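*Asks:* Sequence order for the protein chains is A and B. Quick note: the first sequence uses the numbering used here, first residue 18, plus one each step. Quick note: the second sequence uses the numbering used here, first residue 18, plus one each step.
Just so you know, these hints were derived from the structure itself, not from any lab. Take these hints with a grain of salt, some might be off.
One copy or any two copies: either way a pair holds, since identical chains are not told apart in the list.
[Stated by the list, open to error] Below, a list of computed lysine to aspartate or glutamate pairs in the EDC-like style, where the Cα atoms sit at most 20 Å apart:
1. K208 <-> D148
2. K195 <-> E162
3. K239 <-> E255
4. K106 <-> E255
5. K38 <-> E255
Given the structure is predicted, the values throughout are model-derived calculations rather than measurements.
There are 2 protein chains.
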Amino acid sequence: MKIESLNNSNVKRWKNLLEKKYREQEGLFLIEGDHLLKEALNLGLVKEIMANEEDFEVPGIPFYLVSDAILKKLSNQVSGTKVMAVVRKMEEKEIRGKVCVLDNIQDPGNLGAIIRSAVAFGIDTIVMSKDTVDLYNDKVIRASEGMIFHLNYYRGDLDEAFLKLKEMEYKIYGTNVKRGVNLKEIKFDCKSAIIIGNEGKGMREEYQKYCDSLINILISDKCESLNASVAASIIFYEMSDNNEF
Amino acid sequence: MKIESLNNSNVKRWKNLLEKKYREQEGLFLIEGDHLLKEALNLGLVKEIMANEEDFEVPGIPFYLVSDAILKKLSNQVSGTKVMAVVRKMEEKEIRGKVCVLDNIQDPGNLGAIIRSAVAFGIDTIVMSKDTVDLYNDKVIRASEGMIFHLNYYRGDLDEAFLKLKEMEYKIYGTNVKRGVNLKEIKFDCKSAIIIGNEGKGMREEYQKYCDSLINILISDKCESLNASVAASIIFYEMSDNNEF
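Looking at chain A on its own, in the form it has when it is part of the complex (with noise of 0.2 Å):
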């Protein structure tokens, strides 16, 4: 039976993942389109799904046929969509490969951009500071274009992650507007680690302690800095080696 009524009990709980208090909670966030829901289910990760179809039912996962209108207002989108899923969240795994650790990103749309270009240039693993915005946040996952599956993510508290990383002998580069090496200048091998700061504030200055070096992106005096998630992919884009791909 087609589930209507926005007043539904399942309906409730799957709104209640919108916010991340529940996110956190259940360690559930959701997921819209098939193509984001068939990476899903290649990783095992999908404990429901919600569709305006029947062909969307997959064996042995709870689905419910729901409306439009539910489908609609659980996606936040102007258009909608035809399926979304209950997905538990990834393990945090360990630091491995290319790293990029991001301290105190807010928007939603910058973490969401920088998954993407982490994907396109072969980082590995998101580092991100415990008040970096929520990686399950609807925003961030529209905005990765759904890379966001192809990642390793680690969030804690950063002190930790970089003593962890000197352990693992990875060159930490901290990045800054004003002053440090030029990017086109750095040769990158496999075990660097790269930090991406804050929109408005740039990397915690009690950070450059754990800095083998300092990035400096040139750029006219005209402008202030760069957008983070466009200084992150020009960083990623100057780390990837061409023979990889």
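Starting from the known structure of chain A, arrange chain B on it as the hints suggest.
*Replies:* Chain B alone, transformed into the frame defined by chain A:
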């Protein structure tokens, strides 16, 4: 006397400028914040100033003291602003210097980010197809972080623009997500024009005939494409000559 009513005829007139139709009819647009006001004043473009304090008054320019509620209504921002201004659109100027051609960019955040990166990396002229999002949209201005006054703009028929560029002996570079010359291998000279295509569809194929070469940014096959403003920024970065800054 302070204007307090949202029904005041001036307020209505200013509110109209939030719509493209009226901006085109009047040749005017709105800006907010003292940074942009200062730049617009330097260029002699300011027609009226409205602020919540008399400190913002400038000799020779009509000034309106208005309530915070009015500024909030006009600025479309959660946090509000202290000063706004009605500004004359910048003249459409000649094409010169390094050029970026935008083919049907739709997202105001992307256009703003492209403008910010263009100024950062020394691009001089932005050529926009007629169907590219309006430059004077408040979201574009916000995302540009106050950089809109530092570029030359040309909006019009792209076929005409390409013929003009050819006549001026520009080298025209298209962009393509699947093929073309690896960006890292291209040596740009000062008469270069690059084309950035629509977010979903890329550059219109009919424009390939004007291209001397197609640029390809090598990315992982896990990722379909880069965000349009990220792709533009990476190309601007490669076009920039470090000795300029």
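*Asks:* Determine which of the earlier numbered hints do not hold for this structure and return their numbers in increasing order.
*Replies:* Of the numbered hints given earlier, those the structure breaks are 1, 4, 5, listed in rising order.
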